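Asker: Sequence:
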Amino acid sequence: MGTFPRKPLILFFAVLSGTLHAENAADLNNLGARFFESGQYHEAEAPLLQAIEIWSSADQPPADLETALHNLAAAYRAQARFGDAARLYQRTIELREARTGASGVTLLSPLTGLALLYLDKGDLARSKEIAKRTVSIADAHTNEQSIAAASGFLSLGSILTAQGRYSDGRVWLNRALAMRQRLFGPASIESADALVELAAAEYRERHFEEASQTYRQALQIYEAANNVKGAAVMRSLAESLIAKHKTAEAQKWLTAAERILDTQPEANALELGRIKASFANLMVSEKRMKEAATFYREALAILEPVLGSENAQLLAILDAYARALRAGQDYATAAAVDLQAMKIRVRQALGKQG
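At position 261 of the sequence shown the residue is numbered 261 (this note's numbering), and the sequence of numbers has no breaks.
The set of hints was computed from the structure by calculation and includes no laboratory data. Any given hint could turn out to be false.
As the list claims (entries may be wrong) - Straight-line alpha carbon distances no greater than 27 Å define the calculated BS3-like cross-link-like pairs of lysine-lysine that follow:
hint, residue 1, residue 2
1, 287, 252
2, 252, 229
3, 290, 229
4, 290, 246
5, 287, 229
6, 229, 246
7, 246, 287
8, 244, 229
9, 343, 290
All values reported here derive from a predicted model rather than from experimental measurement.
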């Protein structure tokens, strides 16, 4: 990713110094969103909090306040700060219900965010309960042609597939894709974003050939626009290829993705960590377990400071790392890794009860 433009940098330092005015709120929200999109969750917090403070102090808080609350909730959820995130999602939902009613299309995004939060906590029943209301709202807006509807349908499709409801999820993802292609054009970044979500659903369903083709479609759009999101798609494409045992091509895409992100590693730490994990998965597929263990260790060293050492997003990597260590007969380290994974699962279980 390229460096941040001068105006957001000035705003970032203004956050630190406390010298801000009401007209800065939109820029602060955008800055926080950019930090979030690049995986810089800690950095996203300060500008989003400041935007929320500015908008909340207005005589009539604008609808933009809801967007900032939602963005901060997503940043907290990514860090497994579930209590903080849930309160912000609920506040966003309350504000939108007051503004648009209990079945407004703009409720779809915060509701799916809350459903994803409960899924992250391991509470599938609560997640499905929230998704049920979300589907009911979406059903009432199937003929709507708006940006909000397209985004809401995309979020809904993603959470349904994450819950294992693949056929339902793909219906909403395809609706979102078709709508975005009509609204923005088939070669737009917005359409590419929808293609990525559809490909992820195909991958979850183990339709690896379909996923590979869909990722390639999205990648063509990102590369034509010189968009940094292409690096994440290269990694996802590589994972699809690994699943089909096409390791040589997978390695090519992982290397290309890493090269793109290495130009600004601090701003791309989350994705770089994921690429390390994908390299490890590649090594496992080739039964190079010692090298796999090294890559998993490097991935965790990058991801733990970003996500927190007890984040459920680390579970798949920890489990794979422990298996690689045991394959190399490093049983002591494997036991320590298993213990870390167990702590995360216990935390999930306790969170589900709470």
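Asker: Confirm or reject each hint.
Answerer: Here is what the structure says about each hint:
no., hint, result
1, 287 to 252, "18 Å, holds"
2, 252 to 229, "17 Å, holds"
3, 290 to 229, "31 Å, violated"
4, 290 to 246, "21 Å, holds"
5, 287 to 229, "30 Å, violated"
6, 229 to 246, "23 Å, holds"
7, 246 to 287, "14 Å, holds"
8, 244 to 229, "23 Å, holds"
9, 343 to 290, "25 Å, holds"
Figure legend: structure checked against the earlier numbered hints; hints not met, in rising order: 3, 5.
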